[in-house]
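**Q** If you want the building blocks of each chain, they are given just below.
2 protein chains.
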Amino acid sequence: MKTSLGPVTLLYPHPMLIIGTYDAEGRPDAMAAAWGGICSSDPPCVAFSVQKSRYTYTNLRETGACTVNIPSSAHVAEADFFGIASGRDTDKFKACGLTPLPSPHVHAPSIEEFPVVLCCRIINTVEIGVHVQFIAEILDVLVDDAVMGEDGKPDMEKISPLIYDSLRREYRNVGGYAGKAFSAGLAFKS
Amino acid sequence: MKTSLGPVTLLYPHPMLIIGTYDAEGRPDAMAAAWGGICSSDPPCVAFSVQKSRYTYTNLRETGACTVNIPSSAHVAEADFFGIASGRDTDKFKACGLTPLPSPHVHAPSIEEFPVVLCCRIINTVEIGVHVQFIAEILDVLVDDAVMGEDGKPDMEKISPLIYDSLRREYRNVGGYAGKAFSAGLAFKS
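Chains A and B are the protein sequences, given in the same order. So for the first sequence, the numbering used here puts the first residue at 1; every next one is plus one. So for the second sequence, the numbering used here puts the first residue at 1; every next one is plus one.
The shape of chain A in the complex, shown without the other chains (with noise of 0.2 Å):
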């Protein structure tokens, strides 16, 4: 039996996504957000909203690129300050002691400490009601090599990436191995 709980953002799981963009002054800042996913294969493509009250929102269309950074759990402190600061009256990485570096290929910071780096550039946005989403194509990503698998492949528990939990407004962790994709169900297959 299942209860109704009417119309909320409620999705197993959200990422934790941290969008590293310059101001017009070239300054570094950097958001969270958990409204965003993959969106295109080919060209390959990641979405994520943001209001157009963020100084993030100025940056994007100020500069049309990002980062979009992925924390370990190991920073989910500063992870979670990137979502509660705004980059108009703090400078958050030096706030919170992280290290806002130039990336290749766009004009946006990426965060050395966290693992995972996706460079972009803005191509598209769509207005949602009181979100923009920006649709941005990955031109680049960069894995920290202390999080490489011995196949040479990103080791997901290595990077211990966040899972926000929206209604309980808390992170979680990864867990350990469920299943081989395109293969589990093949099964069910006649």
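Since the hints were made in silico from the structure, they are not lab data. Please read these numbers as outputs of a predicted model, since none were measured by experiment. Please note that a few of the clues may not be correct.
A pair holds if it fits inside one copy or across any two, identical chains being indistinguishable in the list.
To be verified - List time: in silico DSSO-like cross-link candidates among lysine-lysine, alpha-carbon distance up to 27 Å:
| # | residue 1 | residue 2 |
| --- | --- | --- |
| 1 | Lys180 | Lys52 |
| 2 | Lys158 | Lys180 |
| 3 | Lys94 | Lys158 |
| 4 | Lys52 | Lys189 |
| 5 | Lys52 | Lys94 |
| 6 | Lys153 | Lys180 |
| 7 | Lys158 | Lys2 |
| 8 | Lys94 | Lys2 |
| 9 | Lys94 | Lys180 |
| 10 | Lys189 | Lys94 |
Here the structure of chain A is known, so what remains is to put chain B in place on it, guided by the hints.
**A** Quick look at chain B alone, frame taken from chain A:
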């Protein structure tokens, strides 16, 4: 030191969304989608991307409605199967033994055995390369009583949603508590 992986559709975590639709004859179908996420708070909307060649694409265009079902890891094989077979030549529900149910509010089937269902109407589409992104307003969210916590909120551990790893092509479970949102970062606020 970071290594460049080039332009790949990497993000942590991807969700595992099962999109339920009826075809023109009212037959229930469902497909797996990992390219998606919440895209607006008000109205509450979810976005997911589908290729035009998919049977679900035709159904979405016909009906303008869908469900977004969150599978539990106990049904990883069935969830994977929804991404392998096509509704054009397979009754996927019958093949994997799951139960399509009519949904409140929308002309789309929900999956009885899955713990969370979003009932949605399509309000916009965006062409992005090889994918079409559907923007769907969430009219209601249904949650199985068995996965509700004692505080009356859905419990992610009981839901046990799947995470998709696109580079390793495997599924993972969610893990334990990692921090309080809008709180863990307050230490950096001056």
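**Q** It remains to establish, for every hint, whether it holds in the given structure.
**A** Each hint, compared with the structure:
Taking identical chains as interchangeable, the C-alpha atoms of Lys180 and Lys52 lie at most 27 Å apart only when they sit on different chains, with a minimum of 26 Å there against 40 Å within one chain. In the homo-oligomer, the alpha carbons of Lys158 and Lys180 lie at most 27 Å apart both inside one protomer (19 Å) and across protomers (22 Å), since each shortest distance falls under that limit. Within a single copy, Lys94 and Lys158 get their C-alpha atoms as close as 26 Å, which meets the 27 Å cut-off; across copies the closest is 39 Å, which misses it. Taking the closest pair of Cα atoms, Lys52 and Lys189 come within 27 Å of each other only across two copies (23 Å); inside a single copy the shortest separation is 47 Å, beyond that limit.
For the homomeric pair Lys52 and Lys94, the shortest alpha-carbon distance inside one copy (24 Å) is at most 27 Å, but the shortest distance between copies (46 Å) is not. Taking the shortest alpha-carbon separations for Lys153 and Lys180, only the intra-copy value of 16 Å comes in at or below 27 Å, while the best inter-copy value is 30 Å. Taking CA atoms no more than 27 Å apart as the test, Lys158 paired with Lys2 passes between copies only; the shortest distance there is 14 Å, against 37 Å inside one copy. In this assembly of identical chains, Lys94 and Lys2 lie within 27 Å of each other by CA distance solely across copies; the values are 22 Å between and 47 Å within a copy.
When the C-alpha separation of Lys94 and Lys180 is checked against a cutoff of 27 Å, the pair qualifies only between copies, where the shortest distance is 22 Å, while the shortest distance within a copy is 42 Å. Taking the closest pair of Cα atoms, Lys189 and Lys94 come within 27 Å of each other only across two copies (11 Å); inside a single copy the shortest separation is 55 Å, beyond that limit.
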